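J.: Residues per chain are reported as follows:
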Amino acid sequence: MPTPTLTQSIVITLIQCLLVVIFVFVVVPLTVFAERKVLGHLQQRLGSTRVASGHVGITGWMNRGMWKWGRIPVLSYWRGIPGLVADVLKLILKEDILPAKADKFVFFIAPALSMVAAVVVFAAVSFVPGVFFTFPAWFPFVGGLPVSGGIADINVGLLWILGVASVGVYGIVLAGWASNSKYPLLGGLRSAAQMVSYEVPLAMSLLAPVVLSASLNFGEMSARMATGLPFWGLVPQILGFLIYLTCGFAETNRLPFDMPEAENELVAGFHTEYSGMKFGFFYLAEYINMTVVAALASGFFLGGPWLLPFGLQGLVNPYIPAALSWFAEPHAIFFVVKIIFILFTYIWVRGTIPRYRYDQVMSVAWKYLIPMALFNLLLAAVVRCFAV
Amino acid sequence: MNKILRTLIPFDIAKGLAITGKHFSKVFFTANRRKVPLHIVSEYPEVVAKVQPRYRGRLTLLKDEQGEIKCVCCLACEKICPTQVITIEKGKKEGRKMPFPVRYDFEMERCIFCEFCVESCGFDSIILNHQFELAAYNREDFSLGMEGAGQNMFEPSPVGKFSVAED
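Protein sequences appear in the order of chains A and B.
Be aware that the first sequence starts at 1, since it is given in the working numbering, and climbs by one per residue.
Be aware that the second sequence starts at 1, since it is given in the working numbering, and climbs by one per residue.
Treat the hints with caution; some may be incorrect.
The calculated lysine-lysine pairs, modelled on DSS-like cross-linking and capped at a C-alpha distance of 30 Å, are [as the list claims (entries may be wrong)]: (1) A:Lys367 x B:Lys3; (2) B:Lys97 x B:Lys79; (3) B:Lys97 x B:Lys70; (4) A:Lys367 x B:Lys79; (5) B:Lys63 x B:Lys79; (6) B:Lys3 x B:Lys26.
Treat the hints as calculated values from the structure; they're not laboratory data.
These numbers come from a predicted model, not from an experiment.
From just these sequences and the hints, can you work out the full model?
T.: Written out as structure tokens, the structure reads:
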């Protein structure tokens, strides 16, 4: 296999970045659509079955055509999809209002900050161990070269992920402060307290995989967690997974922990004064954050690119027959399916559990999650000490 | 101890998730079949909306088997109406013992659909029908009556199946 020159490796990395961005921008709109549909199904509705302009415009024409085409409910089921286009168009075309007394620079920088902090985390996520695919020989400039499964193979990938992800708090706090209005300020303050509190049990629940796998590299961690654990390694992972998921809901400001934008108390929380594409960036950042949390959960706890979660793969692998060896190997498709499942869980929980009170949110973090995460860490250490 | 266990192990959350998960799977796997839809909401403009038996639509005068208006002008509905949308003019008709409403005006734009008039009626002569689409383009379309341009108090008038007096 030829070794790439410097320019070639730069080009390959750019192509990887492009692929990841495409992945993110395919998953995020589909999550938005799925949210409408799944929330509807949870409440015994159909979800979005039409766009707002049912009788005029391109989407209205599409809707009428689909309905005229033989009244097939399958088509009718998907009729909400043009709504995605309508959403994006609305966000782009809407007037971008800047409040008169706002801090202009900070007001401008806040959505960009939360967006960048959300996307950059994907640099350390490895989708599949080793080579993802090799460019065919006819490909210009980089033909015949391998593309690895992650953008950057960082030694301390987990530190990078946690560090960059907590920069996202600044986006929300600065947005709340720069708006120079009371509701956003309250939302920003709440988010500062909430996200800093939940950062602690989140990091602690991620320490258990670190202890068990003795590594901070994302790819290595997911490989060892999936295949290199004894039977007792399951216990700290399952508990840790639940703690991590709870903290993940809180970190991404999703229900039942969406204190920063509690719309029955604060109008829309930190993004009350935002409109147009600046609001769109917050919206995107929220969903990208969800994808990031889902990617970490599936990488560390659900076995990453391997089929079975919680380290069961390593226990089952010797018994998988040779004919089914495809299931014993890592594939990016498993990783993506797990991400999608966790995104579904997000929406599922949103449709089930009502919002917590603010003091309840805090007490859940400090009184229950942190002791449980410490206990989980102790379990992991015991397993590591005696069983590995 | 029980309380601590319930706090630490989220049974209630699991129960709630199970319920909503059941709803999701039911609707998701039957949404594309036309025969047994489990979702309770229909696609309204394309599919005719089904209303519940207790739905309160437009006020309608009923007729008996001979085609006679059942209303006897006792004015109970006019008196009980909280928004005074009903105006009745008493009159006489040949070959009819009971009084006959010469005019029965109903202004739907102020009606709050409380169904007090139907409950107060001792002769089962009015109902609120099951008409779902009550909107109109002009204000004049909301003043209904027995004669003239607003002569639409009688149709569409289903048989009073869900009369209060029957219960």
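J.: Is it true that the CA of Lys367 (chain A) sits at most 30 Å from the CA of Lys79 (chain B)?
T.: Roughly 62 Å between the alpha carbons, so the hint for Lys367 (chain A) and Lys79 (chain B) is violated.
J.: Checking one constraint from the list: CA of Lys63 (chain B) to CA of Lys79 (chain B), max 30 Å. Satisfied?
T.: With a Cα-Cα distance of about 22 Å, the restraint between Lys63 (chain B) and Lys79 (chain B) holds, given a limit of 30 Å.
J.: Taking only the CA atoms, is the gap from Lys3 (chain B) to Lys26 (chain B) under or equal to 30 Å?
T.: violated, 33 Å
J.: Is it true that the CA of Lys97 (chain B) sits at most 30 Å from the CA of Lys79 (chain B)?
T.: holds, 23 Å
J.: Is the hinted pair Lys367 (chain A) and Lys3 (chain B) satisfied, with a Cα-Cα distance of at most 30 Å?
T.: holds, 15 Å
J.: Does the alpha-carbon distance linking Lys97 (chain B) and Lys70 (chain B) stay inside the 30 Å limit?
T.: At roughly 12 Å apart (the allowed maximum being 30 Å), Lys70 (chain B) and Lys97 (chain B) satisfy the hint.
The structure does not agree with the numbered hints 4 and 6 stated previously, though it agrees with the rest.
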